[in-house]
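Sequences and hints are given; from them, build the entire structure.
Chains as they are written, first to last, in the working numbering: chain A, 1372 to 1764; chain B, 1372 to 1764.
Heads up, some of the hints might be wrong.
Identical copies carry no separate label here, and so any pair may be met within one copy or between two of them.
[Said to hold, decoys possible] Derived lysine to any residue pairs resembling SDA-like cross-links, with alpha carbons at most 20 Å apart:
#	residue 1	residue 2
1	K1716	D1462
2	K1607	V1374
3	K1648	R1685
4	K1532	S1604
Hints are computed from structural coordinates only; laboratory data are not their basis.
Protein chains: 2
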Amino acid sequence: MPVFDIAEYKERVSKTKERMNREGIEVLLATDPANMNYLAGYDGDSFYVPQGLILKIDEEQPVWFGRGMDANGARITTWLKEENIRAYSDDYVQSSIKHPMNFVTNILKEKGRTNKIIGVEMDQYYFTARCLTELKKDLPNTVFKDATLLVNMVRQIKSEKEISYMKRAARIVERAIQVGIESIEAGVRQCDAAAKIYYAQISGTPEYGGDYVAGAPIMLTGKRASAAHLTWSDEKFHRNEVTILEIAGCYHRYHSPICRTVYVGNPPDKLKWVAEKSVEALEKALDAIKPGITCEEVEKHWRKAAMAEGGVARESSYHRLGYSIGLGYPPDWGEHTASMRPGDKTILQPNMTFHLIPSIWEEDCGFGISEAIRVTADGCETLANFPRRLFVK
Amino acid sequence: MPVFDIAEYKERVSKTKERMNREGIEVLLATDPANMNYLAGYDGDSFYVPQGLILKIDEEQPVWFGRGMDANGARITTWLKEENIRAYSDDYVQSSIKHPMNFVTNILKEKGRTNKIIGVEMDQYYFTARCLTELKKDLPNTVFKDATLLVNMVRQIKSEKEISYMKRAARIVERAIQVGIESIEAGVRQCDAAAKIYYAQISGTPEYGGDYVAGAPIMLTGKRASAAHLTWSDEKFHRNEVTILEIAGCYHRYHSPICRTVYVGNPPDKLKWVAEKSVEALEKALDAIKPGITCEEVEKHWRKAAMAEGGVARESSYHRLGYSIGLGYPPDWGEHTASMRPGDKTILQPNMTFHLIPSIWEEDCGFGISEAIRVTADGCETLANFPRRLFVK
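This is the structure in C-alpha cells:
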C-alpha cells in the first residue's frame, strides 16, 4: 500500500542514518508528518495529535507511534512490521494529566534508547514546547540535539518517481488555475470560484486524482491584493479589480504550486507595467538556474532586474524569491530548507525543486506570478506549463 | 472588516484578562491562530510562519506580530490600531541564524513587559520547542507559565453571533454530506466524490459561502474503514463496500462537523446491527445533555448503552465520545478543552458546543455516526438536521 517501492523507503532511511551519523545523533524523533511519510509511507490526516517515528541508527525500520485509532492507518499505509506500530490509548489525547510524549519515553526506555543522543525536530509545527519539556522531564540525563531539518535535507533531491508525482501535481494545477481564471467574472461570488478551484484540485485528471493540498487556495481580490495570505469571501468580484490566485496541485502529498493574476476590466497602466517587469525579472532567474549555481546567485539575477533603480520590487517590502518544495502536509508545502535569498549558499543539484514567487503585494498594486521548477542536468524546467502573464477579462 | 462588532472583541479580551489575572499571568503570548482570530479578528492563511498576539494585562488591545507580507492582512482583518501591528523582516523566515521569537523579545523589551510573568501556549501546534528555547535564551530572568488553554477556555461558551455562524456552517455541511452520500456509487472514483464535497463546502448556500475547513474530508472506504483518519484515493468505489465520511462546514472559521456512513449494495447483518446500536447509544447521550450535567456523566449514558455486555463498542478500541468545537484552523476544528470521557468534570452550560462521534473503526466493521450540538437552556439541539442512520445505495 505505500506509494513507493520498499527499496526507495530503505534508501531514504539509509541516507537519513548517514546524516544522523555525521551529526552525532543516535536516535531520531521525526515528528514532521512529511518526514513520517518520507521514511515510513505514513499518510493520515491525524497530525492534530502527537505522532512520529523513532529511528535508531542501528535498526532497519523506524517505529511509528500515534493514537490508537490511527494504528490501522499505519498498518495500511506504511511498510513497517507489526511490532513497529505502537499506539497510545485514548486517555493520552488532550489530557491535563498525561502527555503522549510520556508514552514515547516508554518506547525509548524499552530498547535502551535513552542513554543515546536523541535528535528532535525543535522547530517543526507539531513538536510543541510541551513535547520537549515532557521528554526532558522524563529523561533528565538524555542529551537532546536539534535535528529540525535533518530529514528535510535528505528530501531536497528528488528521485525520478518523486519528480513524476510532482509532474502529475503540475498537470492538476494547470487545470485548477485555468478553472480559477475562467471563473473570475464581475458578479460571480468569490466562494464559487474557490469551490471550482477545489473541485479541479481534487478530481484531478481523468488518469489520476488529486490529494488535499497543504494550503487553502489564496485568493486576493481588490484591496485584499495588498495582503499575501488572505482567502476568499462570499462577496462578488467587481469590474476593475485585480485578483491574485496562489494554489497548488497535490499528488500523493507532492505539490506543484502556481500563482497567477487576473484583472476584470481595463487594467491600469501601472499594473500592466508591473506585470511585464515581474515576468521579465522572473525569467532572468529561471534562465540562471542550473546545477552548480547557489541559491543566492539565482536571486541576484532576479534582483538585478527587479530591484535596480526603476525596478518593479521595493526594498521596503522585500521577501525571498523562492524556496524548496515537495512533500507536504498542512500548513505548508515548503520544505523549509533552501531559500533563494542573500546568504543562502545552497548549491543547486539536479532534481532539486523550487517555487519561485516574486509576487508583489502592495497597497496600490498587487501582482502575483510564480513558477515551480525542477533543476535539470543543465538548466531547469518548469513543472507546470502555463502562460506567464497578466490575464485580462 | 472584522466579522464581529468591536464590542464583542473587547469583551473577549476582557474575559481573557480576568483569567490571566486569576492565573497570575501579566503578559500573554497567544500563538494559536484560532486564539489570534478570537481576540483580534486576524484571519490569514499565514500560520506556517511564527505569528501571534502579545496581550499585556494593563493594555486595551493586543499587539499583532507576524511576517512583513502579512501586515496588510492584519490591517484588513483586525480591529487593532496601526501601532499594534508589528511585522518582522523576511530574513527572519526559516533562517538558520535568527528566529522570529527574537523579534518578539524586542517588542516585549520595548514596553517593559519582560520583567513580568509571561504566559505561553506550551502545547499549541505553532508554538514549537524552538520558540520557547529562543524566548528563554533572550529573556533568562523572565518567568514563563503554561497558558496553553487559557483563551480556549474563554472560547468554550459561544455568543449568539458565534452560534449563528455555527448554524450557517451546519447548513453548509448538510448540503456537503448530502452531496457526498449521493456521489458514492460503484464505479465512481473516490477523488471525484471528494471533489464534489469540497465544492459544496466552499460554495456554501445561495445566501453565504463556506470557508476552508480545518481538516480535509475524511473518506474511509472498504478496508480503509478500519482506520480513523485516512482520506480518499483515485480508486473507484466498489459494490458491497462501506464508506465512512467525516466532514465539516465552516463559516467565518466556525465549524459544524458531521459523520455519516454509506453502504453500496446489501449491507451485512452485522453492519446493520452496529448502525442501529450506534445510533441508539448516541441518542442516549444526546438525551442526557443539559446544563449542569458534566461531560463524564454524558459519556456514562452512552457507555451504558454501548459498552455493556453485547454492546456495540469494544473496550480495546475505546476512544472519547466527544469534544468541544468552534473556531478553528488547520489542523483541527476541536477546541482542545472539554472531552466527553471518564474524568472530565466540565459542567455543561448553555451555548457550549460539542461534536459527539462514537464511530467504530474496526477491521471487520467500520461505522461512523456523529452529531455536532449546542447546549440549550434545558437540553441540547443538533446544529445540523440530517437523518441519523446507515445510508444504503
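Hints, verified against the model:
no. : hint            : result
1   : K1716 <-> D1462 : between (47 Å within a copy, 14 Å between copies)
2   : K1607 <-> V1374 : between (41 Å within a copy, 17 Å between copies)
3   : K1648 <-> R1685 : within (13 Å within a copy, 64 Å between copies)
4   : K1532 <-> S1604 : between (38 Å within a copy, 18 Å between copies)
Hint check: no violations occur; every hint is consistent with the structure.
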